[in-house]
Structure formats: structure tokens, C-alpha cells
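Let the hints inform the model, and build the full structure from the sequences given.
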Amino acid sequence: MSEARPTLEELKRRKALSRQRVERSGEVMTVSMGPQHPSMHGVYRAELDLDGEVIVAVRPEIGNLHRGVEKLCEERTYHQIIPITDRLDYLASFVMNHGYCEAVEKLMGVEVPPRGRYIRTLAAELCRIANHIMWLGIHIMDLGTQTFFCICFRDREYILDLLEMLTGARLTHSFGRIGGVAKDLPDGFDRRCRKVIDFLPRRVAEYERIVKHNRIYYKRAKGVGIFTSEDCFAWRVTGPPLRSAGVARDLRRDEPYAAYDEMDFEVAVEYNADVYDRFLVRMKEIRESCKIVRQCLDNLPDGPFVASDAVHALPLKKNVLRDSAAMIQDFYQVFQGPLAPKGEVYRAIEAPKGEMGVYIRSEGGAHPARIHFATPSFYHGQAVPPLVEGEMISDMVAIFASVDVVLGDCDR
Amino acid sequence: MRGGVVNGAARLEEQFGARLLDRVEFRGELTYRVASDDWMEVLRFCRDDPELAFDQLDCLLGDHLPERTEAPFDVVAHLVSHTHGHRLRVKTALKEGQNLPTITGLWPSAGFDERETWEMYGIVFAGHPDLRRLLTIEDFEGYPLRKEFPIQGTVGGRIRTDLRGKI
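One line per chain: the protein sequences are A and B, in this order.
Positions 0 to 411 (numbering that gives the first Met the number 0) are the ones given, in order, by the first sequence.
Positions 0 to 166 (numbering that gives the first Met the number 0) are the ones given, in order, by the second sequence.
It should be emphasised that the hints constitute simulated quantities derived from the structure, not laboratory data.
Source: prediction; values computed, not measured.
Ideal placement from N, C-alpha and C gives every residue a C-beta, glycine not left out.
Please note that the accuracy of each hint is not assured.
Pair ranges (Cβ atoms, derived) [unchecked claim]:
| hint | chain 1 | residue 1 | chain 2 | residue 2 | range |
| --- | --- | --- | --- | --- | --- |
| 1 | B | Thr-68 | A | Pro-340 | 20 to 26 Å |
| 2 | A | Asp-186 | B | Asp-138 | 54 to 60 Å |
| 3 | A | Thr-171 | B | Leu-64 | 19 to 25 Å |
| 4 | A | Glu-74 | B | Arg-32 | 24 to 30 Å |
| 5 | A | Glu-207 | B | Gln-151 | 47 to 53 Å |
| 6 | A | Met-326 | B | Ala-17 | 53 to 59 Å |
| 7 | A | Ile-215 | B | Arg-67 | 55 to 61 Å |
Capping the alpha-carbon separation at 25 Å, the derived lysine to any residue pairs in SDA-like fashion look like this [unchecked claim]:
| hint | chain 1 | residue 1 | chain 2 | residue 2 |
| --- | --- | --- | --- | --- |
| 8 | A | Lys-70 | B | Pro-149 |
| 9 | B | Lys-146 | A | Val-68 |
| 10 | A | Lys-105 | B | Leu-29 |
| 11 | A | Lys-105 | B | Gly-7 |
| 12 | A | Lys-105 | B | Ala-8 |
| 13 | A | Lys-218 | A | Arg-18 |
Given below as C-alpha cells:
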């Protein structure tokens, strides 16, 4: 199945060719899709102008899940914000904690100990695997099959069990802490995690056997929804859709954080910029994530898992329950809050769906003066009109699913 | 350095000189403040100059500093270059009711960001193709991210049900 890598010009030509294949009748019908439509992945609504079966214009409408996260954060101390970040992308909530913590650590100048960095890397990669498996199940379900969805959810369950063992929660982990993570690896985690990581690549091979060479999937995905690298830059589409357009950009490698600079992994890249290649990129990423998790387990350093920086970090939970001084410190840290220096930082990390940036401006107090989450789904939801205009309405579900939008992430 | 201070900063300073009002370097990040009249020109230069080549707008956001009475609003743009791998932050201050030209012509991804900034702060982006409320409902009153807007209660955030069906 090896093909020559298409150039940007070739991709542009293919894109122009694949769109608006039929003569327009000039009669436009407006159809409302969502927010209750099963393929809209949450409460995304799109008004489609159709000419026959061709989509002429799309007007996306978001905000049904808006909770005012940024306003809430301005009233809270830096530790109290962590559970709120869980609710952004609830399918990979640890990654959201992680991005926020990285930004706060950059602002406060907190050093994370090596073991903390490794556990963060491990948990973030587990989240990435769970997110991609979930994406695959739903993407294939949108295209009309039910059984495969159940297969994917079965395998996601193994990862969720691991995350539950590690963090105590299945979806909203709140596992990140300023200066490290909340807990050390529990007993028996290593063995269980290795077991899952060993069989997952085989499962991915199984998915590929079912999906990759499936004629129905191939015909619905190949050459559909082409979005070139230029389009991706213009519309800030990042993550797997960008990498499927032949751009090897991955913040884990390009602006390393946590322990990624010590990991040996490849950036998954494909070149055809269509729905099919976005699937291939995500399958490659699951394999690479398994590799990273295994390296984390193999090379896990000893030592503390959270910074012993009493000014900024929380004391260990086991001390809080035994020692009154630690309890007072814990109480003080959460409710009075650590003071951040005056200044502003922006930190972007590679979330499973794309680049997630956190901007914090501090005026020197215990609360951030302004916090902004530049979440990937927000921009991916915005890029839906240029992605689907000119395509057929039946491809809308395939293309919309292929950029992976979660509305909690989108609406904030 | 990737992700660090922009290498072409000297190029920007040479081009605009005193029109860059303020330069702040904090934690390896570079911030320039420009006048709102120069906003469009500086950003266009940042995008088009080959040494800067900021081909992506990472995010654009508003900010409210009520203690700065003469110009209480900030608009902040975060730029990133895929060619060189560097980042830059550009800011401008605005008075109450002052407009800013839209940059959707430079980076179309600014569309949602500008709509959000408008609905949250009341900063109007002149020339924006579709400046409607994005995250709140159409008949929502007030600008929720301004500092005087309460975090609880119904004052200022009244939902005008009497307008239902008329908009």
C-alpha cells in the first residue's frame, strides 16, 4: 500500500478535485444538524446549506456546554483550579491537569522531580491511548457499524482500569499537582500496566485488520476531507490532523516537557491529509504511546514524586492525615494559596486532540488575574466549515469525527 | 531555541523602532506592546517577514485591568512559527468602547477568538465578518469576563426572556 508522498500542490489539486464534483442546481436547502444528532459528539450544532447532496455553507454553533471556566479560575487559588481543568477535555483529563500544571510551574519556577515527570508522562500517554481508542470506536460507529464500537470500548476499559488504579478516578482524574503528581504508583501497577501495554499493539493490529483494509471504510475515508498543511496553519488545526498532512510537528518532541526529552519515540506522520490518514496517524500514535509507557516503567527513577517545595507545593497526603503541621500547611496552600510572581506565561502541550495552550497572567497574588485555555477542540470546531464545504453531506459525519472534537474542551 | 525567545526579534525592532512601546522578557517569553493603530501592521509584518514567519496564531484573547483607568482593556495575540519554531506575544491596550481592526484576514483562526473576546469584554473588532455571540446565548446581557461582573447571582447577567423569538 505504499504510495508516493504527495506535494502540497498535488494535495491542493486533489482537494479542489474532490470538492464540488456535481453541477449546482442553485436551490439551497438549510438543514440543522445537532445538537442532539448522534454523530455530533456532544452538543455541537451546525446549520448546513445544501445544494442537493453537496454542502454549500456551514455555520457552526457552539456554547451549549459553556461553564465559564476562565471566570471561575479567576476566583480560585492555583491549587483549587486543578479539578476545573479536568472538565475541559474529559476524555483525557489528566492531560488537561498536566498542561495547567506545566504553565503554573513555569510561572512560579517550580522544579518537578524526575519521578514526578516520569509518572506524568506515563499517565498522559495512557490518556492518549484511551482517547484514541475511544475516537476510533466512535468514528467507525458514525460510519455505520455497532460491533466495532463495543470492541474499542472493551479495550479502553483496560486503560481506564489502569488510570483508576493510578488516580482513583476513571474520568476526572485531578491527578496533577503543582510540582508533580498526587500519588505514587500503587503496588502491582507495574505488572498490570505491562500486561496491558504488551497486548495493546496486537489489538491495534486487530483494529487495522478490521478497518484499514475494509473496502467500505476505505471508500468512505480515502481522499475525503482533504485539509492541507497550509489550511491547518491558517485555521490552527493541530495534532493528528496536522500530522496527517505531512507536518512532523509534535510538541512532545519540539518543545519537550515532562520526561519526553528522555523518551525514544517517533512522531507519527502521514501525507495524504484525508480522513483515512488521520486514522493511520492515530493508530501509529497508540503504538508509540505504548512504547513511551514501557520506557517510563523501565526507567522509572527513585525519589519523590512531587516537589518538596513548601512554598508552592502541597505536602504529602499521608503526612496531612498524621501530622498537624502538614495539615495546616495543606489547608493554607489550598485556601490561601501559593503566591505567584507578577508576570505572564504561555505554555502549550500536546494533548491527544491537538495543541493545548494555557495562558496565565498574574498580578502577584494568590489568584490568577487572567487565565485562558487555548484548547484544540475550540479551533477544530471552528475549522469545520473549510473542512466540509464542497463535500457531500454523508461525508460530513466522517470528516467531523476525524478532527476529534470534544465539546467540553470546545466550550470551556 | 525552539519555543523560546524569538530569533528575529532584532528584525522586528529594526523595522518598528519606537513604535514598539514596551518589551518584556519573562521566563523566556518575549512580549511586545504596540499601539492599537499599529496592531494590524505589526501582525502583518510578523506573518509575512521570512525571518519571523509566524504562520499560525496560537490564540487571541482579551484582558481587563480596571486599575488602568485610561485604557483598561488588553488584547493579546500569541504567535507561533512552524518554520523557525519560535513564539511571540503581542499586546495592545484599548479604551472603553474603542475598536480594533480584525485580523481574520491574516489568520482565519482568529474568527472564533475575536467573537469570544467581543462577547466577554465588549471589544469590537471592526471588519469582522460574523461578530455574534459565540458561547453565551444571543440575548445575554453584560460582558462576563470583565472584572466587575459578579461570579454569582443574577445582577448584570439577566437573561432577557422578553426578547425570545424577536431576535
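Here is what the structure says about each hint:
Distance hint check: the CB atoms of B/Thr-68 and A/Pro-340 are about 25 Å apart, consistent with the given range 20 to 26 Å. Between A/Asp-186 and B/Asp-138 the C-beta distance comes to about 56 Å, which sits within the given range of 54 to 60 Å. A C-beta distance of roughly 33 Å is found between A/Thr-171 and B/Leu-64, which places it outside the suggested range of 19 to 25 Å. The beta-carbon spacing between A/Glu-74 and B/Arg-32, approximately 27 Å, falls within the hinted interval of 24 to 30 Å.
At roughly 51 Å, the beta carbons of A/Glu-207 and B/Gln-151 sit within the given window of 47 to 53 Å. A C-beta distance of roughly 55 Å is found between A/Met-326 and B/Ala-17, which places it inside the suggested range of 53 to 59 Å. Here the CB-CB span from A/Ile-215 to B/Arg-67 is close to 60 Å, well matched to the stated 55 to 61 Å. Restraint check for A/Lys-70 and B/Pro-149: the C-alpha separation of about 9 Å stays at or below 25 Å, so the hint holds.
A hinted pair counts as satisfied when its Cα atoms are at most 25 Å apart, and B/Lys-146 with A/Val-68 qualifies at roughly 14 Å. Restraint check: the Cα-Cα separation between A/Lys-105 and B/Leu-29 comes to about 14 Å, which is no more than 25 Å; the hinted pair holds. Our distance criterion of 25 Å between C-alpha atoms is met by A/Lys-105 and B/Gly-7, whose separation comes to about 23 Å. Proposed proximity of A/Lys-105 and B/Ala-8 is supported: the alpha carbons are some 22 Å apart, at most 25 Å.
The straight-line distance between the Cα atoms of A/Lys-218 and A/Arg-18 is roughly 15 Å, inside the 25 Å bound, and the hint therefore holds.
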